[in-house]
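For the record, the sequence lines run as chains A, B and C.
For what it's worth, my numbering labels the leading residue of the first sequence as 1, then goes sequentially.
For what it's worth, my numbering labels the leading residue of the second sequence as 1, then goes sequentially.
For what it's worth, my numbering labels the leading residue of the third sequence as 1, then goes sequentially.
If you are wondering where the hints come from, they were derived from the structure by calculation, not from laboratory data.
Note that this is a predicted model, so its numbers are computed, not measured.
Note that the Cβ used here is the ideal one computed from N, Cα and C, for glycine as well.
Hints should not be assumed to be uniformly reliable.
Sample of chain B residues with no beta-carbon within 12 Å of chain C, all distances over it, derived [claimed, not checked]: (1) 80; (2) 138; (3) 248; (4) 281; (5) 299; (6) 383; (7) 409; (8) 457; (9) 495; (10) 552.
Straight-line C-alpha distance at most 30 Å; calculated BS3-like pairs for lysine-lysine [unchecked claim]: (11) A:90 <-> B:276; (12) B:580 <-> C:156; (13) A:5 <-> B:335; (14) B:114 <-> B:276; (15) B:489 <-> C:126; (16) A:11 <-> B:347; (17) B:589 <-> A:5; (18) C:71 <-> B:474; (19) C:71 <-> B:276; (20) B:45 <-> A:3; (21) B:489 <-> C:114.
Here are some chain B residues pointing at chain C (derived, C-beta under 8 Å) [said to hold, decoys possible]: (22) 272; (23) 276; (24) 456; (25) 459; (26) 487; (27) 496; (28) 500; (29) 551.
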Amino acid sequence: MAKIKSLDELKALRDSVQNTVDVREHGDNVEDMIIVRVAMATCGIAAGAREIMNFMAHELRDQGIDNVMITQVGCMGLCYAEPTVEVTLKGEEPVVYGNVTEEKALEIIEKHIKNGTMVDGIIPSTHKSLDE
Amino acid sequence: MSNYTMHILICGGTGCISAESDIIADEFTKELARVGMTEEVQVLKTGCFGFCEKGPIVKVLPDSTFYVEVTPDDVEELVNEHVVKGRVVDRLLFIDPSSKETIEDSKHMDFYKKQQRVALRNCGFVDPHNIDEYIARDGYQALGQSILEMSQLEVIELMEDANLRGRGGGGFPAGLKWRFTYNNESDQKYVICNADEGDPGAFMDRSILEGDPHSVVEAMAICGYAIGADKGLVYIRAEYPLAIERLQLAIDSAREYGLLGDDIMGSGFNFDIEVKFGAGAFVCGEETALIHSMEGQRGEPTTKPPFPAESGFWGKPTCVNNVETLANVPVILLKGADWFKTIGTEKSPGTKVFALAGKINNVGLIEVPMGTTLREVIYDIGGGIKDGKEFKAVQTGGPSGGCLTAKDLDTPIDFDNLLEKGSMMGSGGMIVMDEDDCMPAVARFYLEFTQEESCGKCTPCRIGTTRLFELLDKITQGKGTMEDLELMKELSHVITDTSLCGLGQTASNPVLSTLDIFWDEYVAHVTDKKCPAGQCTALLEYKITDACTGCTLCTRVCPTDAIDGKLKELHVIDQEKCIKCGACMDRCKFKAIIRE
Amino acid sequence: MVHVWIDVNLRQLLENNVKGCNTMADIKLTIDGKVVEVPAGSTVLDAAKKLDIHIPTLCHLDLHDTKMVNKAASCRICVVEVEGRNNLAPSCATPVTEGMVVTTNSPRVLNARKVVLELMVSDHPKDCLICEQSGNCSLQYVSKKLGMREVRFEGKESTYKPDKSKSIVRDMDKCIMCRRCETMCNDVQSVGALSGINRGFDAVVSTAFEVDLSESVCTYCGQCVAVCPVGALTEAEQTNDIISALANPEKTVIIQTAPAVRAALGEEFGLEPGTLVTGKMVAALRELGFDYVFDTDFAADLTIMEESAELIDRLTRFLDGDKDVALPILTSCCPAWVNFFEGQFQDLLDIPSSAKSPQQMFGAIAKTYYAEKINVPRENLVVASVMPCLAKKYEADREELNQDVDMVISTRELAKLIKQANIDFNSLEDEEYDQPLGESTGAGVIFGTTGGVIEAATRTAYEKLTGESLEKVDFHELRGFEGVRAATVPVGDFDLNIGIAHGLGNARELLEEIRDGNPRNFHAIEIMACPGGCIGGGGQPYHGGDAEILKKRQAAIYTEDERKTIRKSHENPAIIELYENYLGEPMSPKAIELLHTAYEPKDRV
């Protein structure tokens, strides 16, 4: 392990390990967060949900967006449209996108998460929330 | 870079570990492997969550679901339901005892609502084994800023401004202690962390060291810089193996990062820490006794002056701070004195950690702003008295403290208010008592502890506390006289007035406090030979009423053959032979045996 | 305990203390309404003393000019009220501060003091009638002073197994935990036999693992007895043995008196410290019924003959180029010192002189030469000694010393015997010692003080080495009270380097220096175990914490030396006759057989 030789090095180290506790810090302020849930049951994983989730997580971090809590959920019952991603803005109803690709994910981040405008690909769902 | 999107935090405090939280953690790892989610879900053993009443605790993040009383058998379901399907397992949630509602997020639990975590900010949050997690929470920033951007005096002035008072119980301002040690010039000075937590029932220092050891390591280095010491020592009781292990690991990893050792962060400041073990003598919490013990001498106090700030460890200026005090230091440095002073009361800023115990629903470790009332602590956070019984008193300050009663429930808790009420803060033990607790017996319990833990050096403590215990014993045996009560008062005052160290000076507090508040209860023991709370066995009498059917069952369970009676005749208990074990009463099917 | 101290006045004390450090000027304070000025660093007790306010104390002891300072502040008898302080302050350990206002006799103080004493007495045997310390007991004195009439506390009392060694008896039931013995044993003597053990009510001063003293590293120096304020530590009494021996018509009982006894015995009879009572003591012993009263000073002269011969032998070989000679030579007359090096400096057993102590030389000569001379069979001759020392009791019992001395009593025990026998000591007419074993020189008498043995040896060695007659016999450079002293005495063209230590802690310093290669090139070292030498021995009348008494006794010893017409051991006619008729010459086979011994390592805890 390399020694920390200055305050700047310490700060750099902090920034690089920040994500290890992000999930927990977000959990402490969950009311103020935009919640992104990725369906990660077997069907979702097979359809590439894990890659989409990682992609979104990295992208959000790279862009310095820290008001988003990204987490996985189980099967949404929408296997035909996997990978599926649910976005819940603060105080709004959840919205589910189906067949999410990396391009679509980027679009969701740019438009929905950053600006609050929904994009194409929403599954007109019969249920209001994944929480049932 | 980690891709964990879900964290499962399992309480790894000593209490939960003894309730198999270690096994629970292993089960989680196994189950997650089975469902192929090890890359997304991180399992962590943290420090104590404080809600020991309902341990072991498992907290799932980011959704902040708080599971209580989890067993290893529950893990499979938690993984299948919560992790894989995203469904909360309702049966493991906390149920509010008053509203009977299940509560998913700990933030909404009464136990946590009124708490504010400063000293415990990282406990139950970070992995104490991983320095990176502490650094991610701005760890060691305060040290860096102090040694690189502030002068020694600036650090001391900031600490004085914050008016952080010693959390070990005395409430002496830490900043002033630092200044006195700074003022004494010497080629060598020491920082000592007092981790000799000894109040019965108090375990906040252990929890901090187990859950967030780096905050103490960092604070010691900051103190070292401020006072001009390059050597720190932690005096910890050997019966805290988990705390020792995690503290040692924290010291080692800080060393590897160069956050301890020579030329820390290029500042030219050197500091290192050594861990020393105590044998768990209560008196070694007294700083001079602690220092003698560390020097290999008999652990007994010496008169002050000289104070450790002038002549401490090996005769060198030494600054002794308690664990909880130190845990406050880094965050004060980072957020400033003004921030700190917004918490708590004017004369006692900040928070205080309390160990709630006794006849209270939510037993555990809590941290509240100074100035919180006893009512809030006992009824809101503590969930009130067990089994709906009547609140009688709360004992604070451990063997050195006194009792507070219903009339004090709305007193804001801080150092000065507690002293004014005849008790003291102590290290933060709070033992709640209900109508079934006998106060002379409570005083007797504390004196039994003190007279055993006295080092035996000075006369009033060595012999006086023993005599006080003997008098209390006599009273709880129903053999006391009114003269004994007066003698106890006189003796208590002399012990307070003449003892050498704080142990003796405060030893009489439980007696004086209960004599003052519960005089009638003492008198009942002495004149009526009755224990109103029904706790003093020597004063109890078991009697058989007319409801007796003469079944002879009781005669067969009595271990001393004290019950006389023929079949189908009324039985009688021979009070001379009765040892008051209560076996007959438990056995009687007709509720014919009463105790009074 | 996480410290729970209500030191609410700590801040003020701290500030005062920091201020106090900067000024060395006198400090003005008020005690019981009277203003007094004392130097900074003084205690409230010191200041009160200056005003003739005598605050009672029990644990406190400060023997100025020695290392003995017991500031345990543990008995809490000396508590006083200090304005602005919450609790009472122990006056013995509370430094004065400017403007301090102290009350030593308020009702609060008097009551607290009395209750503390009552507590102490509640755990103390009330057998004063048969207690050895009765009359000298500080607890008894304080009880009387405070008017104790009842003990309201009942409860358990400490009980310990009595520990009876040949020299010292420990009855810890009587211990009040003043810790003076512990301070003496560890800080002054550096022996380390005693320390506080256990907690709470069971706390007591004990040996390691609570073994008997005889299995401990105890040297029997008796300094613990000398400072014990109560009857917890006393000498192993032998007065009854003396009485039985005197009562036995078949026995011829002779007694020897050590040099330091005559300078202190008078104190037991109300005489000024430093009063020489040699003649009265001889008269009293005769009246007690001893058949012959002899002087250990005679044997001291004999010791000088042997020890100086040994020194000359070693020096001569050294000067002849023999590099293996064991130097420096260490004196060996002090039995506690012998116990000390046998236990703790086992690697240096070859350097002390092999000469027996004067007590044992006397015994050896008495039971051979003298027994033959008066025609009494050895078994019918009882040799008793009066010693200022408790280790002498153990020494007499050493197996290799053949019971040459049968019984040993201390100066205090002798006083008791005299009192028991209704002898009005102060009105006795001076009498002379019997001959020939009562004949002595000034050199013999100065054995009683630190520096004396080596001065006596130097007087003889000088003349033997140079062949010249020594005109000026007073070696002032060897005298004094400093714990460790060094002097160089020119002997012809040779510079004799002499080291002196008194008190075993000082001895340890010097011994460690020798172990480290003897950088100061000492040729001879005198060591006495007790502070001041034998005049401060563990068997002397209690000094009660007044070190001035030791100095007065020392002065008396030198006065006795000056009064003697013969002041060099080798000029003692009785000694000359002994060698001519019996021993031959110093270090002769006969002398080696009777007057020398060997040391063995003793492993104890």
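Hints, verified against the model:
| no. | hint | result |
| --- | --- | --- |
| 1 | 80 | holds (45 Å) |
| 2 | 138 | holds (27 Å) |
| 3 | 248 | holds (21 Å) |
| 4 | 281 | violated (7 Å) |
| 5 | 299 | violated (9 Å) |
| 6 | 383 | holds (26 Å) |
| 7 | 409 | holds (23 Å) |
| 8 | 457 | violated (5 Å) |
| 9 | 495 | violated (9 Å) |
| 10 | 552 | holds (43 Å) |
| 11 | A:90 <-> B:276 | violated (51 Å) |
| 12 | B:580 <-> C:156 | holds (26 Å) |
| 13 | A:5 <-> B:335 | holds (23 Å) |
| 14 | B:114 <-> B:276 | violated (36 Å) |
| 15 | B:489 <-> C:126 | holds (26 Å) |
| 16 | A:11 <-> B:347 | violated (35 Å) |
| 17 | B:589 <-> A:5 | violated (77 Å) |
| 18 | C:71 <-> B:474 | violated (36 Å) |
| 19 | C:71 <-> B:276 | holds (28 Å) |
| 20 | B:45 <-> A:3 | holds (26 Å) |
| 21 | B:489 <-> C:114 | holds (15 Å) |
| 22 | 272 | violated (24 Å) |
| 23 | 276 | violated (16 Å) |
| 24 | 456 | holds (2 Å) |
| 25 | 459 | holds (5 Å) |
| 26 | 487 | holds (6 Å) |
| 27 | 496 | holds (7 Å) |
| 28 | 500 | holds (6 Å) |
| 29 | 551 | violated (45 Å) |
Checked against the numbered hints given earlier, this structure breaks hints 4, 5, 8, 9, 11, 14, 16, 17, 18, 22, 23, 29; the rest are met.
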